[in-house]
Amino acid sequence: MRSLAIGLCALLIGLGVAGCTTTGGGDQLSNTVYATYKIAKNLEQDLGPSVTKLNQTAADLTAKVEANDMAVKSLQSAIEDNQAKLDSMQKSIDKLSQDVYRMSGRPTGATGLDAYSGTNYSAQSAEILPPPGGAVAAAQGTTPVPSPESVPGTAPAGTEVGSNALTDYNAAQRSFYGEDFETALAQYSAYLQKYPDSKYSDGAQYWKADCLRKLNRLEEAIAEYEKLRTTYPNSPKVSMSLSNQADAHLRLGQTQRAVALLKQLVDNYPNAPEVELAKKRLKELQGN
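So the sequence shown is residues 1 to 288, counted in our numbering.
Everything labelled a hint here was simulated from the structure, so no lab data went into it. Remember, it's a predicted structure, so these values are computed and weren't measured experimentally. A virtual CB, placed ideally from N, CA and C, is assigned to each residue, including glycine. Some hints here could point you the wrong way.
Stated by the list, open to error - Beta-carbon label-pair distances, calculated as ranges:
no.	residue 1	residue 2	range
1	Ile93	Asn55	50 to 58 Å
2	Arg257	Glu66	49 to 57 Å
3	Ile93	Asn271	22 to 30 Å
4	Val65	Ala35	41 to 49 Å
5	Glu219	Gly287	23 to 31 Å
6	Ser50	Ala71	29 to 37 Å
Construct the complete structure from the given sequences, taking the supplied hints into account.
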């Protein structure tokens, strides 16, 4: 601002000198030059602090923006780290749950309604039935798995133990356990066509429905859960099918149908491991 005033005055003085040599009106021009200088000087005095303040404000804002950028990057890094830790913890919890169910002789994946507490449904593990001489596998250092007698929904060892039916069933279970749901779905479907009256058919039907739910083919999953209850009404997997079908209905926004299934589970299977969580979910859905 100061340089602008000085430059303007110098220009006017130059013009004044030129005017004096040609017109002789030096006094009038000098007064004009002086008045203009005063105006420029006053502008400099009036605007100078404002310009300085604006410059300082701009500098402060720039510093704040840079600080915010750094904070956002730091938060993003922390979020990513925490998510990785949560993922690792979830995997550990899932594995621990599977081990507990195996050791207790209950069907793995009986958590059922745990799915309703979040968007990610914890993977249910399929029980793997051992062939005869399962103790040999334990002697070789592998994790022992429940025998068919100890796993609800499976029949005692009989003529099919060691047969192709058991081999095919376990192959499908391993695919499911490895979260290869497309392959497992194809294997369960083939199993049901090949062994419609097998002692493991109710299990194959249940896990087939669960594969479809995992693949987000919810309408198909619902139909297969209903087929399980129609074809194998006495299967111990019926209670789990009710809880998982309710989950599928909720994902489709069909709250009333989900509520009806949860009530059916609570009323008809009061001792099922899924009932406690079903009651909790009913309270949430019904608002009481």
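Okay, the hints, checked on the actual structure:
1. Judged by the Cβ atoms, the range 50 to 58 Å given for Ile93 and Asn55 holds: they are separated by roughly 57 Å.
2. Checked against the hint of 49 to 57 Å, the C-beta distance between Arg257 and Glu66 comes to roughly 54 Å, which is consistent with it.
3. For Ile93 paired with Asn271, a C-beta distance near 25 Å keeps the hint of 22 to 30 Å intact.
4. A hinted range of 41 to 49 Å holds for the C-beta pair Val65 and Ala35, which are about 44 Å apart.
5. The supplied range of 23 to 31 Å is met by Glu219 and Gly287, whose beta-carbon atoms lie about 27 Å from each other.
6. As the Cβ distance of Ser50 to Ala71 is approximately 31 Å, the hint placing it in 29 to 37 Å holds.
Violation of the numbered hints given earlier is absent; every hint is satisfied by the structure.
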